[in-house]
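S.K.: The listed protein sequences correspond, in order, to chains Y and G. Residue numbers are given in my numbering: position 90 of the first sequence equals residue 90, and the series is strictly consecutive. Residue numbers are given in my numbering: position 99 of the second sequence equals residue 99, and the series is strictly consecutive.
Hints listed in this document are in silico derivations from the structure and should not be mistaken for laboratory results. Among the hints, a few may not be true.
As the list makes no split between identical chains, a pair holds if one copy fits it or if it spans any two.
Cross-link-like lysine-lysine pairs, in silico, DSS-like; alpha carbons within 30 Å at most [stated by the list, open to error]:
1) Lys-74 x Lys-158
2) Lys-39 x Lys-81
3) Lys-39 x Lys-58
4) Lys-158 x Lys-2
5) Lys-81 x Lys-2
6) Lys-2 x Lys-39
7) Lys-158 x Lys-39
8) Lys-81 x Lys-110
9) Lys-39 x Lys-138
10) Lys-58 x Lys-74
Quantities reported herein were computed from a predicted structural model and do not represent experimental measurements.
2 protein chains.
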Amino acid sequence: MKILGIDPGTRVAGFCIMQVQANGSILLLEAGCLLLSEKDTMQRRLRNIYDFFDTLLKSQNIQSIALETPFLGKNAHNFLKLGYVRAIIYLLSDIHTVGLHEYAPREVKKALTGSGSAEKDQVGRVVRALFPQIATKKIRDDVTDAIAISFCGALRQKGGHF
Amino acid sequence: MKILGIDPGTRVAGFCIMQVQANGSILLLEAGCLLLSEKDTMQRRLRNIYDFFDTLLKSQNIQSIALETPFLGKNAHNFLKLGYVRAIIYLLSDIHTVGLHEYAPREVKKALTGSGSAEKDQVGRVVRALFPQIATKKIRDDVTDAIAISFCGALRQKGGHF
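Looking at chain Y on its own, in the form it has when it is part of the complex (with noise of 0.2 Å):
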C-alpha cells in the first residue's frame, strides 16, 4: 500500500510517498516539494499545484493521501491559503478515488517520537534517523513534515497504534 503525505502551502507544499510492505516495513519512496511563485496568481497557483498532484496520483498507485488537520495560527490570511491547497487536495482525492486521512499535528509528532509536544527539530532528528537515505541530505522542513506526515498514515493505516 503506498501512502502519499502533504504539507500543503502556496509558497511550498511538501510531498512523500511511502509504502507499507507485507511484512509492515515502511518504505519511504519519494520525498520533495514543488515550489510555487510568488509572481503567480493564486488561480495560477492552485491550478499548478492540482497538475502536479493529478499527475503524481495517476502515475503512481497511491491508495491514501495524508493530511495534517488544520489549525488557526496568527494570521487569519495564511488560514485562507492553506484551506485553498486543501481544497485541491480533497478535490484530486475524490476525482481519484482515493482515501483521505487527516491527523492533528500532536499525533504525528506522537507517531515520530512518542510525545505529542515534541519540538520541531526532535521530528526531524527521528526522520533523519528512520530514513537513513535522506540523513545526509539537506531538505526543507516542508519535506521533513510531509515525511512526519506520510509516517503517521502509514503507521496509521498498517493498524499501528502510538
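Place chain G on chain Y using the hints.
M.R.: This is chain G only, laid out in the frame that chain Y set:
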C-alpha cells in the same frame, strides 16, 4: 460580455450569470443555486462544486467571474470552508482562462444601493427592483447575494463607477 457571480458555500453555492449588452444595459440571464448534501464528505462536495461550475463554464461563454473578498467572521472553521470553495473557483478560472475579479462586500452593497453599509434586506429590495423577473419569486439569500455580486462585476466590467 457575460459575467458569472458566485456566492460560495459548502452547503449552498449561489450563482448568477449576467450579460452586459453593447448599449451598456445589464441583463440577468440565469440565477440559482447548487445545493450540497451535508451527508457527503467535503471531498465529494468540492467535486460536485467543481463539476457544476466546470459544466457551466464549458457551456456558457463566460468572460469574467465575480466573487466577494473573504472576511474572517466569528467562526474560523466556516472561514476555512469558504476557502475550500473559493479554491475550486480559482482553479476553474485558470483552467478555463476566465478572468476573476473580487469585490469587497461594501463595494457590492454600494453598487446596488449607493451605500456601502446597506442592510441585507435593502440589497434584496434593490435586486428585486432591478430585475423584475425575479421580483415575485421566493429566492434564497445565497441567490440574491450572487445576483448582487454579478451586478457589481457587470458594472465594473463595463467601466461604471459607483
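S.K.: Against each hint, give a clear statement of whether it holds in the structure.
M.R.: Against the structure, the hints come out as follows:
| no. | hint | result |
| --- | --- | --- |
| 1 | Lys-74 x Lys-158 | neither (35 Å within a copy, 39 Å between copies) |
| 2 | Lys-39 x Lys-81 | both (16 Å within a copy, 26 Å between copies) |
| 3 | Lys-39 x Lys-58 | both (28 Å within a copy, 28 Å between copies) |
| 4 | Lys-158 x Lys-2 | within (11 Å within a copy, 52 Å between copies) |
| 5 | Lys-81 x Lys-2 | both (27 Å within a copy, 28 Å between copies) |
| 6 | Lys-2 x Lys-39 | between (34 Å within a copy, 28 Å between copies) |
| 7 | Lys-158 x Lys-39 | between (41 Å within a copy, 28 Å between copies) |
| 8 | Lys-81 x Lys-110 | both (26 Å within a copy, 28 Å between copies) |
| 9 | Lys-39 x Lys-138 | within (26 Å within a copy, 44 Å between copies) |
| 10 | Lys-58 x Lys-74 | neither (36 Å within a copy, 39 Å between copies) |
Checked against the numbered hints above, the structure breaks hints 1 and 10 and satisfies the rest.
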